[in-house]
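For the record, the sequence lines run as chains A and B. The numbering of the first sequence is the UniProt record's numbering, which starts it at 1 and goes up by one. The numbering of the second sequence is the UniProt record's numbering, which starts it at 1 and goes up by one.
Quick caveat, the hints were computed from the structure, so don't treat them as lab data. Careful, some of the hints might be misleading.
The list makes no distinction among identical chains, and a pair is therefore deemed to hold if it is satisfied within one copy or across any two copies.
Said to hold, decoys possible - Keeping only pairs whose Cα atoms sit at most 25 Å apart, straight-line, the calculated SDA-like set for lysine to any residue is:
id, residue 1, residue 2
1, Lys170, Gly12
2, Lys333, Gly401
3, Lys399, Ser256
4, Lys333, Gly421
5, Lys17, Glu189
6, Lys333, His374
7, Lys170, Ser256
8, Lys170, Thr40
9, Lys336, Thr40
10, Lys399, Gln16
11, Lys336, Gln5
12, Lys170, Asp241
13, Lys17, Phe339
14, Lys399, Ala47
15, Lys399, Pro228
16, Lys333, Leu394
17, Lys333, Ala26
Residue-level listing of the chains:
Protein chains: 2
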Amino acid sequence: MSTIQMPVPDAGIIAQKPQIVAALQAVLPADAVISDPAETRAYECDALTAYRCPPLAVVLPRTTEEVAAAMRICHDMGVPVVPRGAGTSLAGGALPTADSVVIATLRLREVLEIDTSNRFVRVQTGVTNLSVSGELAPLGFFYAPDPSSQLACTIAGNIAMNSGGAHCLKYGVTTNNLLGVRMVLASGEIVEIGGPLPGAAGLDLLGLICGSEGQLGIVTEATLRILPRPEGARPMLIGFDSAEVAGECVARIIRSGLLPVAIEYMDDVCLRAVEGFARAGYPDCAAVLIVEVEGSEAEIAEQTERIRAIAAALHPVEFRSSRNDDESLAIWKGRKSAFGAMGRLGDYLCLDGTVPVSKLPFTLRRIGELSREHGLEVANVFHAGDGNMHPLILFDANKPGDLERAEAFGRDILRLCVEVGGCLTGEHGVGIEKRDLMSAQYGPDDMAIQMEVKSALDPRWLLNPAKVFPLDASQPWREGTAR
Amino acid sequence: MSTIQMPVPDAGIIAQKPQIVAALQAVLPADAVISDPAETRAYECDALTAYRCPPLAVVLPRTTEEVAAAMRICHDMGVPVVPRGAGTSLAGGALPTADSVVIATLRLREVLEIDTSNRFVRVQTGVTNLSVSGELAPLGFFYAPDPSSQLACTIAGNIAMNSGGAHCLKYGVTTNNLLGVRMVLASGEIVEIGGPLPGAAGLDLLGLICGSEGQLGIVTEATLRILPRPEGARPMLIGFDSAEVAGECVARIIRSGLLPVAIEYMDDVCLRAVEGFARAGYPDCAAVLIVEVEGSEAEIAEQTERIRAIAAALHPVEFRSSRNDDESLAIWKGRKSAFGAMGRLGDYLCLDGTVPVSKLPFTLRRIGELSREHGLEVANVFHAGDGNMHPLILFDANKPGDLERAEAFGRDILRLCVEVGGCLTGEHGVGIEKRDLMSAQYGPDDMAIQMEVKSALDPRWLLNPAKVFPLDASQPWREGTAR
């Protein structure tokens, strides 16, 4: 089994299950509290399916006030709370513990306000990422962050993990597009942070909330910055016979001052899987870049020419620029199906780390060496423009020891990211997956001030407590409390 | 005199001055500690000159370690610390109290690293804002935030106040361009937050630090995002015979989806002052907009045409687009000298609040009405594109009661900003100026969680304690501590 240590659940809380469920049922609608083990099983894991644990109960509120009522009860009874969006976390961010109540935002689905004059939308956070842009499309606007899971994932989860996506190179990730939140604290108190305008008087808590992985509160409403849709956008596909040279091409595009909307990278392992699955007509080579530019026809043409010249100096095996919408769809088709295609090859661990773009060539070479050392194949498909890598480590879950080897390989890759000046996570969060690697990124003092801030907002460490911070570092913080 | 209540200095600390100075001198170079009242007087105020108070002592460190040494002593002896950049704060952010030690970052002037491949620069925070872009200019890059005081103000102060500037409409304010900091906490501990890459594992403390007005620590090094210089930029000048119609023009430009680099607004009072001072050749009308667009020649021409069409529908009295660099300079000349020109008219209070751009016409009309009610003239010159207003209230400091009337007028304007959905501050910070208005923006719970976060990083409330939070709200927080 896995090498990640799970916290020991509090038997005293588990023994109190009937009282906890009764207290929740007393303040919430009948269909909002799930406690039957046959039903709570649906919430035993998120998209990091290697880890599973059914929670004590699940709460599915429809309003901020219902979230607050549930939180107050958990707070008063000392029950850990695991916030959950759509459960698409790849880092185990929504993984429950046996002594926890899952509070999910799925039913908070209202779009509350659309204001194109002041460029914001206000939604309940159970709406899916894609449906926000869906609402805005008829008005000529869109919401920029676009995680691969955007059909399913919710704005609540996007905020918790500071989600990104292919188009974040130009428009930034969630934190750059979040203007305000309504949030329920661990105590059940409801607070408003930020608003339709950027900026704040006093301490700017918004950036702190974004990416806090459900450890500071549950965000029930969000005000999001929206953008007018560009006149047009057009991708190009560039194939190279060397991963390093493809990485160099990314670094040169960024250095040139061009700002494409997206620069996506796929290596040969991924390309073969995609061709077998989606038949996108990609070239058979070591690495492919998809670079998308946008603007007026003239702007698109000018940027395409500049990128063609940068690529040409590196002798690509193929350069294909889209001339119309059909060709654009064809170029994107394989990339969009990459994760599905990889899933057909077998089990994989999807990693998430960032490196400086100038270090992409070196990092790609080292990942290849590590793959040979660990004896496991790796596929690279990621947002190259901002150095946000997603190596997929292939393994066989039915083969004893394979998951542990994949995890060890994954740890080496993430340590490599930190060593070259990068970060443990780009957009998936730390969750439980990277919890024990936090000390590779932070010294004890740097981690301590994060935990002090967490303690300020959640003094009893009831919110998603087994995540983000190594258990041996965060455990003492909880000992001094009422739990 | 002023209506703002100053905290009562701690006589016990003042009595200990010789011991405090001796302790500082023991760990710092001789020229780094100033305690002679004739010399500390230079630090008795910042650009909000209506408030003055010489500090107990001033420390001028050259390294992070010297800052840490000074902080440790102040912490151990319970002495409040007032961090100071260049002292250009318009909100009294660097105003000392009689029992405080000022720690200034002025001598931390090294540029540590420039990396155009990964688009960042790392500097000590005593460098001036303008000198950062100055270093980058030969390489074809620039640092985006450009406060009016950029010749003098330091990066430390920019971070403390989350400074903006005319070009922030397109590129965002300091928080959107800050990647990492090295910071000394109240305890003297040195921490690293963020780094060359955006994003963080665990809690993102960077957004919290930015705009924290020296209340969480002293930032001694900063990693800043840099941008390639655009191909070209060109302003246009649009004159209207009504302030409201000018405001409507701003709202329509934003709503159209265009994203100019800057939209600046000047009203008739300001225009007359500027003409008398700089002879910029501005039209004699109720309001002038300066709109700057950038990109290639074709992009500039296209955007200029679209803005011309939007303005034409509102019947401007003048539309002048620059055809060359000389004309560009002429259009900017008056705006850049506006604050100097206003200073020649007499004393003024420079306010800073934000409103949704769609509310600009209404807000401008109400400010005119308030001006008549309070019997004081007001000039409006501000960053209209992001709704960041800077009304200048004219008064006579030698006329008894005039400052108080100006302050009362100012409070009404800022309350108006909050009422229409805006914020107390856009880029100057709360400081001491807007401290007592925080409750107009925040409920007690919203303010309490800010103070809890402040307490987590500065449990004794030693860092810039008389600022940001109303004295009656923050005082109890300090009573329970060792001070």
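Structure-based check of all given hints:
no.	hint	verdict
1	Lys170 - Gly12	neither (50 Å within a copy, 55 Å between copies)
2	Lys333 - Gly401	neither (35 Å within a copy, 71 Å between copies)
3	Lys399 - Ser256	neither (47 Å within a copy, 58 Å between copies)
4	Lys333 - Gly421	neither (33 Å within a copy, 43 Å between copies)
5	Lys17 - Glu189	within (24 Å within a copy, 44 Å between copies)
6	Lys333 - His374	neither (32 Å within a copy, 64 Å between copies)
7	Lys170 - Ser256	both (15 Å within a copy, 20 Å between copies)
8	Lys170 - Thr40	neither (40 Å within a copy, 47 Å between copies)
9	Lys336 - Thr40	neither (32 Å within a copy, 64 Å between copies)
10	Lys399 - Gln16	neither (39 Å within a copy, 71 Å between copies)
11	Lys336 - Gln5	neither (34 Å within a copy, 60 Å between copies)
12	Lys170 - Asp241	neither (27 Å within a copy, 38 Å between copies)
13	Lys17 - Phe339	neither (39 Å within a copy, 66 Å between copies)
14	Lys399 - Ala47	within (20 Å within a copy, 69 Å between copies)
15	Lys399 - Pro228	neither (50 Å within a copy, 51 Å between copies)
16	Lys333 - Leu394	within (22 Å within a copy, 62 Å between copies)
17	Lys333 - Ala26	neither (50 Å within a copy, 68 Å between copies)
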